[in-house]
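Protein chains in written order, with my numbering: chain W, 12 to 279; chain U, 25 to 289.
What the hints contain is simulated information worked out from the structure, not anything from laboratory work. What you are looking at is a predicted structure, and each value in this text was computed from that prediction instead of being measured. Idealized CB from N, CA, C, for every residue including glycine. Take these hints with a grain of salt, some might be off.
Stated by the list, open to error - In silico lysine to any residue, SDA-like type, Cα no more than 20 Å apart, as pairs:
#1 U/K193 x W/R73
#2 U/K193 x W/S201
#3 U/K193 x W/L260
#4 U/K193 x W/G56
#5 U/K193 x W/T58
#6 U/K193 x W/G176
#7 W/K144 x U/I150
#8 U/K193 x W/S174
#9 W/K144 x U/F205
#10 U/K193 x W/P257
#11 U/K193 x W/R120
#12 W/K144 x U/Q214
#13 U/K286 x W/R168
Said to hold, decoys possible - Partial chain U-side listing against chain W, Cβ under 7 Å, derived:
#14 P136
#15 A137
#16 Q194
#17 L206
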Amino acid sequence: MNAAPGLVTESGQDARSLVIRDLVKEYRRNKPVLRGINLTIAGHGLTAVIGPSGTGKSTLLRCINRLVEPTSGEIKFMGQDLARLRGRQLREARRRIGMVFQEYNLVERLTVMENLLSGRLGYVPVWRAWLRKFPQADIDRAFGLLDAVGLERVALRRADALSGGQRQRVGIARAIMQEPDLILADEPTSSLDPKTSVEIMEILSRLAGERDIPVIVNIHNVGLAKRFAQRVVGMTGGHVVYDGPPDGLTDADLKAIYGGENWLDERP
Amino acid sequence: MSAPDPGLPLGRQAFQANWSGRIAFGALVVYTIYAASHLGFSWDRFVTGLGQGGTFLARMFPPDFERTQLLVDGMVESLQIAILSSFFGILLSLPVGLLAARNLMPPWVTWPARTIIALCRSFHPIIIAILFVKAVGFGALAGVLALIVGSIGFVGKLFAEAIEEISLKQVEAVRATGAPFLNVLIMAVQPQVLPRFIGFATYQLDSNLRNSTMVGIVGGGGIGATLFTAYQRFDYDYVLAILIVTVAMIMVAEVLSGWIRKAFQ
């Protein structure tokens, strides 16, 4: 794949759309967390998924890249049903899907550069990973991404020496290193302060936007969702209860998503 | 929590009485007294023993370093036994420990691996050495094999436990990039466990150094045979010389392994 941003083919956009049909996940029998999700997510732009804690937002994202096994349903992406893939096919599909985590999930004892390059582990043979002999093109791209997220000075610092905001930048850069066709971000700002949260969302939407990679973000902060997303999906109790543009999200919708209404008055 | 209930009686217990603990401790005390009486310990025997120990110590001085060649040969062989057995023992412990880690492997893999570890752990190195001396004959090979088995039992178990304590979030992130299993091991598991592995490995090297001076007593090669012969011939001054050199070697090893551990922190 060509790394240069903006060169993503126009025809590739449709191929990148994600179609979820009747997705059900039960961790325990007959106690579904996801109760038949139907969603079609276009192959570009940022989609925010909002909803109360424990409503299955994380489960939904993790079903897409199969960190969680769906109980039933279809997840169509790039011409494959992700829910049915196994072994090598699953790994090859995962290479095309970047993920950003709430707690960054960097390998703490590796350097920033090593963490970035671990985004290429689906492509790099074992001996290269072992000897850290990554292809020069990957290393150049990693340095380019470090510049882009403002971390050019810490390439050789260990991940556990970074602040939360810096770690999440590395997390985003690691996802972009995969040259993905989809980015899943699971509460990427929930462990960060409000100012850093905005910076992280800006970086995420800018880097993905430049490459025209579709992004699905689980997010608690409705303000951030409205500010950065082109589309908002509201979930409650394992169902989708709102699906539309951020401007269309009314107080009545928020009440339907989160329940109650007292909290609405406490917004800044 | 609700408000304090006025109807509750005074003198409520803040801690529950641990009756099973008390009973177990009482039983332990009773058994210790019984066992001591049964084995025929007596104060007289102890006092006589002290006197004989004094004679023995007196005969050790001054240490006799005359038979240097024998001493050096024995020590070198012990050192070789320790290093060889540590190298192969730790090398074999890596896969065994990994296979025994329940967070990365399915039960049908961990059970056989855990059985191997349990078998290797069930006997003292000396007993295993006796088996190997019978199997492959006198000499260093038997000692090396015995200590390899001991190392697998000890280090394999510690490796497995270290792997079971890693953060799975880091593993999950690398797995999500589509990395094959071996790459996940190299980039997500190994960095988390390496410092502890180095610690266990150097500790096992220390331990094998000590054990390598013992396997000779049952014919497994090294300084142990010389030491045992010297005891039997009442060459206590030569015994002391061997003990001094052994202690010196182990202290040097201790310092070296401390450096290694620090370097991999």
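Now the hints, each set against the structure:
With a C-alpha separation of about 13 Å, the suggested pair U/K193 and W/R73 falls inside the 20 Å cut-off, and the hint holds. Distance hint between U/K193 and W/S201 is fulfilled; the C-alpha atoms sit about 16 Å from each other, no more than 20 Å. Proposed proximity of U/K193 and W/L260 is contradicted: the alpha carbons are some 34 Å apart, above 20 Å. Taking the CA atoms of U/K193 and W/G56, the gap is about 27 Å. The hint is violated against a cut of 20 Å.
Taking the CA atoms of U/K193 and W/T58, the gap is about 24 Å. The hint is violated against a cut of 20 Å. As the CA atoms of U/K193 and W/G176 are separated by approximately 18 Å, the hinted pair is consistent with the 20 Å bound. Restraint check for W/K144 and U/I150: not satisfied, since their Cα atoms lie roughly 45 Å apart, outside the 20 Å limit. The suggested pairing of U/K193 with W/S174 holds, with an alpha-carbon distance near 18 Å, which does not exceed 20 Å.
Of the supplied pair hints, the one linking W/K144 and U/F205 holds, its CA atoms being roughly 18 Å apart against a limit of 20 Å. Under the criterion of a C-alpha separation no larger than 20 Å, the hint pairing U/K193 with W/P257 is inconsistent with the structure, at around 32 Å. Annotation: proposed proximity of U/K193 to W/R120 holds, straight-line Cα distance about 13 Å (limit 20 Å). The hinted pair formed by W/K144 and U/Q214 meets the criterion: a straight-line CA distance of about 17 Å does not exceed 20 Å.
Among the hinted pairs, U/K286 with W/R168 is consistent with the structure: their alpha-carbon atoms are about 19 Å apart, no more than 20 Å. At about 23 Å, the closest approach between the beta carbon of U/P136 and any beta carbon in chain W exceeds 7 Å, and the interface hint on this residue is violated. Because the closest C-beta pair between U/A137 and chain W is about 22 Å apart, greater than 7 Å, the hint is violated. A hinted interface residue such as U/Q194 counts as satisfied when its beta carbon comes closer than 7 Å to some beta carbon of chain W; here the least separation is about 5 Å, so the hint holds.
With its C-beta approaching chain W no nearer than about 5 Å, U/L206 sits inside the 7 Å limit, and its interface hint holds.
Hint compliance for this structure: hints 3, 4, 5, 7, 10, 14 and 15 are broken, all remaining hints hold.
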